[in-house]
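Chemist: Given next are the chains, with one letter for each unit.
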Amino acid sequence: MIAEFGLAALWLAAALAALQLIAGALALTPRGGTLGGIVRPVAMVQGVLVALSFAALVVLFAQTDLSVELVAKNSHSMKPLIYKISGTWGNHEGSMLLWVMIMGLSGCFVAAVERRLPELTMLATLAGQAFVSLGFYAFLLLSSNPFTRLPSPAIEGAGLNPLLQDPGLAFHPPPLYIGYVGLSVAFSFAIGALVTREVGPAFARAMRPWVLGAWIFLTLGITAGSYWAYYELGWGGWWFWDPVENASLMPWLAATALLHSVSVLAARNALRAWTVMLGVVAFSMSMVGTFLVRSGILTSVHAFAVDPERGSFILGLLALNIGGALVLFGLRAASVTEGERFSAASREGALVFNNVMLSAILGIVLVGTLYPLLAEALGAKVSVGPPYFNPVSAIFAVPMLMVLAVGPLLRWRRDSLARIRPLIAIPAVLLLGVLIWAGSQAVGLLPALGLALSAALGVASLLPLKGRKLRQVKLPVWGMVTAHFGIAVALLGMASDAAFTTERLVAVQPGDTVEVGPWQVQLQRIEPVAGPNWTALRGDLAVSYKGGAVAELHPAARTFWAPPNETNEAALKTRWNGQLYAVLGQETSGGRWQLRLWWKPFVPMIWYGGILIALGGLLALLGRLASDLKRLVARDKIAYRRSRQGR
Amino acid sequence: MSDQKPTSRWTLWLPLALFLGFVALVLFGLYRPADREVASTMIGKPLPEFTLRAAAPDRPGLTRADLADGQPRLLNIFASWCVPCAVEAPQLAALKAEGIDIAGVAIRDRPEDVAAFLARHGNPFSRIGADDRSIVQLGIGSSGVPETFVIDGKGTIRYQHIGEIRPEHIALLREKLKEATQ
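Protein chains in written order, with this note's numbering: chain A, 31 to 677; chain B, 18 to 199.
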């Protein structure tokens with residue numbers, strides 16, 4: 031029953047999306063009449079229905095209903111409950127349902143709360159949201175139905191990729207999806223504004239909370255995903271420029287650019303066409319990324335169903351959505367390009383620079399991700415990795431970070447660098463000092479630049495607070511300062527990891543002691559342990575930092591039996607100044623075991639920085655929502671008073 | 018950068034043009050033949066110059082000249098610490114039994130470990146060079162262990178087999194060696 035209910039709710043939601051599109055589009059025509067009135071309620075009901083459909087699938091997974099094909103293929107009765115539930119979105123169909131659910135719920139919220147935009151722009155926006163959703167509904171219902179029953183129930187489920195059996199999975203895709211799909215609202219706003227030619231500060235203010243919200247989730251999702259890859263893959267790295275990672279980075283870069291340009295549009299009514307363009311690009315990057323991963327066009331460690339038919343379907347959707355939006359942009363943007371003017375040395379000037387650099391990095395990541403395919407089209411086979419991405423993105427990231435140190439100190443419209451020179455003297459000296467010191471340590475150019483920039487930016491990011499009464503500083507300013515400081519913190523972790531990591535690969539037998547950096551690591555014994563659906567050989571390590579107190583670490587090599595697979599469970603010992611990372615390898619001849627050890631100074635700063643960046647976004651969002659609310663209340667009061675006077 | 022100029026019309030269509038390029042590229046990707054092997058670009062090229070010391074006490078080391086003596090042979094990249102290398106040992110022994118000459122390169126290994134490995138899994142090699150820093154391995158376009166190359170009598174790489182040799186691969190290697198003789 032539950033599966034049938036879920037499917038029925040999904041069909042109904044799809045039908046309502048069609049209604050939302052048609053009614054919204056007709057209401058925009060001169061003879062639309064009162065049709066527009068139903069668009070908001072329809073959008074809300076559609077969101078609720080698709081959420082119910084998703085809930086039905088979660089219940090099926092939680093109960094391990096093996097008569098449903100998707101559950102039988104991807105779950106197993108022996109799995110712990112939390113992984114049964116997270117299995118809902120650990121597969122193609124379920125994750126697509128999560129995708130449309132978030133689209134539907136976003137549309138529902140927009141319809142329920144957004145009152146600032148002109149009504150026609152609002153209708154066009156909701157119609158746009160319905161248009162995009164409809165494609166994904168069609169995809170789910172026609173080619174990826176998650177609720178298909180098996181002719182006869184399976185006896186046991188076929189398990190879940192053991193790499194995915196980790197708390198990281200429960201935390202990393204859903205926020206990423208909320209981020210990806212939350213950007214669909216910005217996309218629909220851009221469409222709505224292009225249709226009605228209403229691009230201005232009101233449009234920017236309406237769009238900003240959505241962009242901020244999606245961006246916060248993207249930031250958290252990428253941070254969590256990076257940490258997950260770091261400890262679960264057991265390779266000691268935290269970013270691999272894998273196509274799937276790039277697929278999440280590209281929307282983030284576009285959303286970061288959009289976040290800043292939307293502020294310019296809201297405050298100064300400048301960068302109009304550019305902001306609309308970024309609104310289209312950000313969600314396009316979400317779709318492109320998802321497509322590249324799902325179609326199996328690019329090989330990646332993330333194993334999703336590879337199916338050219340599905341690939342063609344999503345490509346068709348992409349062509350329709352993105353192509354359509356870009357055609358609209360080409361037709362309409364000329365009438366919205368003119369905006370307020372500003373000089374190069376101004377807040378806007380710095381933000382434009384930030385936007386150009388972010389877009390350049392986005393382009394670099396996109397080209398690098400697609401390059402293997404392009405080369406193959408031209409008859410060569412290559413893979414593109416860190417030797418390309420790191421230096422080439424640094425070419426743009428370094429100037430961007432330098433302007434980031436200065437930009438927030440500039441005034442809107444027109445300013446002079448001479449005015450802020452005394453302020454930026456401290457970070458500038460710090461930059462040079464650290465650069466010279468790092469140069470003397472021979473850590474390599476990029477890590478040295480990273481260390482120097484993180485020191486300079488760490489100080490510079492706090493300067494906008496200088497000379498102000500801290501209690502009067504507004505939340506969005508706190509948000510900006512926190513996020514920028516978070517970038518400095520993350521940068522410190524990245525540069526320190528690249529510059530100072532020590533690695534040992536040894537074959538040891540119980541009783542042996544190994545030194546790695548300041549750590550002494552002794553292998554005490556290797557013992558077998560059994561988990562719910564795996565067995566493992568676990569190493570007991572006694573570790574001590576500079577001869578201090580002894581702690582235990584337990585790296586393990588796990589063997590799963592459903593489906594059969596082996597994974598390495600890394601063990602981590604975190605101190606304030608870094609992390610010890612241990613991986614147990616295979617047994618070599620003579621009772622020795624491979625043990626891989628890393629001492630990574632300050633590496634956790636990468637993820638603390640990520641969290642700070644997201645926190646900054648949250649502060650800004652709360653600040654904006656609070657002032658929106660205040661404005662709304664004030665407007666209602668005025669309207670109320672007027673109606674009293676009129677009586 | 019300072020003043021925003023009215024953008025000229027054609028630049029507004031630039032994003033669409035780029036996107037269409039992307040779609041074309043991806044269409045190619047979706048319908049290309051599904052061949053995903055990474056082949057060495059070194060095939061058809063001569064081996065680089067190298068001289069490796071002996072990796073095991075009872076076999077001589079390896080130089081480029083040893084592989085250009087007019088006789089085609091297999092060049093096997095292995096290591097004592099590599100589990101698939103032990104898996105392919107019976108297949109190498111079978112090839113050796115057919116009279117095929119096999120030269121070995123031990124990657125990042127110690128003499129006593131190599132000796133123990135060969136004592137345990139058999140020694141099909143006529144010569145074994147020790148490549149302590151993977152220099153020869155990288156020089157011939159190999160990215161992992163085990164890998165097996167077919168070298169013709171002039172020291173030219175004719176074929177590269179990635180991963181362990183399984184029983185079903187023997188016929189193919191025999192065939193490639195025969196081609197290398199001609």
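Hints are computed from structural coordinates only; laboratory data are not their basis. Cβ coordinates follow ideal geometry from the N, Cα and C atoms, glycine included. Hints are supplied without guarantee of correctness; some may be wrong.
[What the hints assert, rightly or not] Pairwise CB distance ranges (calculated):
#1 B:GLY38 - A:LEU659: 19 to 25 angstroms
#2 B:PRO65 - A:ALA349: 45 to 51 angstroms
#3 B:SER151 - A:PRO110: 51 to 57 angstroms
#4 B:PRO128 - A:VAL386: 16 to 22 angstroms
[Claimed, not checked] One-sided excerpt, in silico: chain B residues whose CB lies under 10 angstroms from chain A:
#5 LEU33
#6 PHE36
#7 PHE39
#8 ALA41
#9 LEU42
#10 VAL43
#11 LEU44
#12 TYR48
#13 LEU64
#14 PHE67
#15 TRP98
#16 VAL100
#17 VAL104
#18 GLU115
#19 ILE117
#20 PRO128
Chemist: Could you tell me which of the hints above the structure violates, numbers in ascending order?
Modeler: Checked against the structure, the hints that fail are numbers 1, 3, 4, 13, 14, 17, 18, 19, 20, while the rest are satisfied.
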